[in-house]
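Q: Please build the complex by placing chain L on the supplied structure of chain X, with the hints as guidance.
So you can see what is in the structure, the chains are spelled out below.
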Amino acid sequence: AQKITQTQPGMFVQEKEAVTLDCTYDTSDPSYGLFWYKQPSSGEMIFLIYQGSYDQQNATEGRYSLNFQKARKSANLVISASQLGDSAMYFCAMRAHGAGSYQLTFGKGTKLSVIP
Amino acid sequence: DTAVSQTPKYLVTQMGNDKSIKCEQNLGHDTMYWYKQDSKKFLKIMFSYNNKELIINETVPNRFSPKSPDKAHLNLHINSLELGDSAVYFCASSPTEAEENIQYFGAGTRLSVL
Numbered sequence: 002a003q004k005i006t007q008t009q010p011g012m013f014v015q016e017k018e019a020v021t022l023d024c025t026y027d028t029s030d031p032s033y034g035l036f037w038y039k040q041p042s043s044g045e046m047i048f049l050i051y052q053g054s055y056d057q058q059n060a061t062e063g064r065y066s067l068n069f070q071k072a073r074k075s076a077n078l079v080i081s082a083s084q085l086g087d088s089a090m091y092f093c094a095m096r097a098h099g100a101g102s103y104q105l106t107f108g109k110g111t112k113l114s115v116i117p
Numbered sequence: 431d432t433a434v435s436q437t438p439k440y441l442v443t444q445m446g447n448d449k450s451i452k453c454e455q456n457l458g459h460d461t462m463y464w465y466k467q468d469s470k471k472f473l474k475i476m477f478s479y480n481n482k483e484l485i486i487n488e489t490v491p492n493r494f495s496p497k498s499p500d501k502a503h504l505n506l507h508i509n510s511l512e513l514g515d516s517a518v519y520f521c522a523s524s525p526t527e528a529e530e531n532i533q534y535f536g537a538g539t540r541l542s543v544l
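Those protein sequences? They're chains X and L, same order as listed. The working numbering numbers the first residue of the first sequence as 2 and each following residue consecutively. The working numbering numbers the first residue of the second sequence as 431 and each following residue consecutively.
Quick caveat, the hints were computed from the structure, so don't treat them as lab data. Please read these numbers as outputs of a predicted model, since none were measured by experiment. Cβ coordinates follow ideal geometry from the N, Cα and C atoms, glycine included. Honestly, I wouldn't trust all of these hints.
[What the hints assert, rightly or not] Sample of chain X residues at the chain L side, in silico, Cβ under 8 Å:
#, residue
1, 17
2, 18
3, 31
4, 34
5, 48
6, 51
7, 53
8, 103
9, 107
[Said to hold, decoys possible] In the DSBU-like style, the derived pairs of lysine-lysine whose C-alpha atoms are separated by at most 30 Å in a straight line are:
#, chain 1, residue 1, chain 2, residue 2
10, X, 74, L, 474
11, L, 470, X, 112
12, L, 470, L, 452
13, X, 4, L, 497
14, L, 452, X, 74
Isolated chain X, as found in the complex (with noise of 0.2 Å):
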């Protein structure tokens, strides 16, 4: 079974300033994937970035890089230079890899709110 823990339920950050969302997981599985997505006030679902457990470095895209401590399983989000439309939920999720194991374990979300 897989698990993934937010601690945080809401954060403050000012803009411009960097933030870093928490996330930790479990699983016996080997391999395995982990995805933040945000969701905006409107409710879409936005993918953000991806972190496979093999890899060597941590993501980054843009202004999103992933923390990645495998031996602390955690897999931070990291949000640089907020921005005021950067207030939303944001998800932490997980899916282990190899056939029949498709779907995403999600956290219950970190609400982000970034002040003028």
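A: Coordinates of chain L only, in the frame set by chain X:
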């Protein structure tokens, strides 16, 4: 062009009715999913489906059934709607064979059962 589209966006209906939510993807993916997001924003898988197999989350009542007329569509049928079915339902799709298996979501359908 919307990659994963769901209709309707909002659905309000009475208890006991039968309803369907449609989902179409134009990404050429061969695996599609339905997720349910409850009032606390928690997302949970309901089904995953490709042309080889349907995987059903065992907690999903059999009043819910996915129907796939072709690889690009996965519709969700719900019979005898109950108050507890009120939620946001998301369709998603992904390429099965890619290791990343990134899932792309539709905009969601907000179902309200009165």
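Q: All hints, please: hold or fail.
A: Against the structure, the hints:
Residue-level restraint check for residue 17 of chain X is violated (minimum Cβ-Cβ distance to chain L is 27 Å; threshold 8 Å). A least Cβ separation of about 25 Å between residue 18 of chain X and chain L goes past the 8 Å threshold, and the interface hint is therefore violated. A cut of 8 Å between beta carbons decides the hint on residue 31 of chain X: the least distance to chain L is about 13 Å, and the hint is violated. Annotation: residue 34 of chain X was flagged as interfacial toward chain L, and the flag holds, the nearest CB pair being 6 Å apart, inside 8 Å.
Given the 8 Å rule on beta carbons, the hint for residue 48 of chain X holds: about 6 Å separates it from the nearest Cβ of chain L. Because the beta carbon of residue 51 of chain X sits about 5 Å from the nearest beta carbon in chain L, less than 8 Å, this interface hint is met. Checking residue 53 of chain X against chain L: minimum C-beta separation of about 7 Å stays under 8 Å; hint holds. Using the Cβ-Cβ criterion of 8 Å, the hint placing residue 103 of chain X at the interface with chain L is satisfied: the shortest such distance is roughly 5 Å.
Hint status for residue 107 of chain X: holds, given a least beta-carbon distance of 4 Å to chain L, under 8 Å. For the suggested pair residue 74 of chain X and residue 474 of chain L, the alpha carbons sit about 21 Å apart, so the restraint of at most 30 Å is met. The straight-line distance between the Cα atoms of residue 470 of chain L and residue 112 of chain X is roughly 12 Å, inside the 30 Å bound, and the hint therefore holds. Using a Cα cut-off of 30 Å, the hinted pair residue 470 of chain L and residue 452 of chain L holds, with the two alpha carbons roughly 24 Å apart.
Note on residue 4 of chain X and residue 497 of chain L: the hinted pairing holds, with a Cα-Cα distance of about 29 Å set against a maximum of 30 Å. With a C-alpha separation of about 37 Å, the suggested pairing of residue 452 of chain L with residue 74 of chain X is violated against the 30 Å cut-off.
When the structure is compared with the earlier hints, violations turn up for hints 1, 2, 3 and 14 and for no others.
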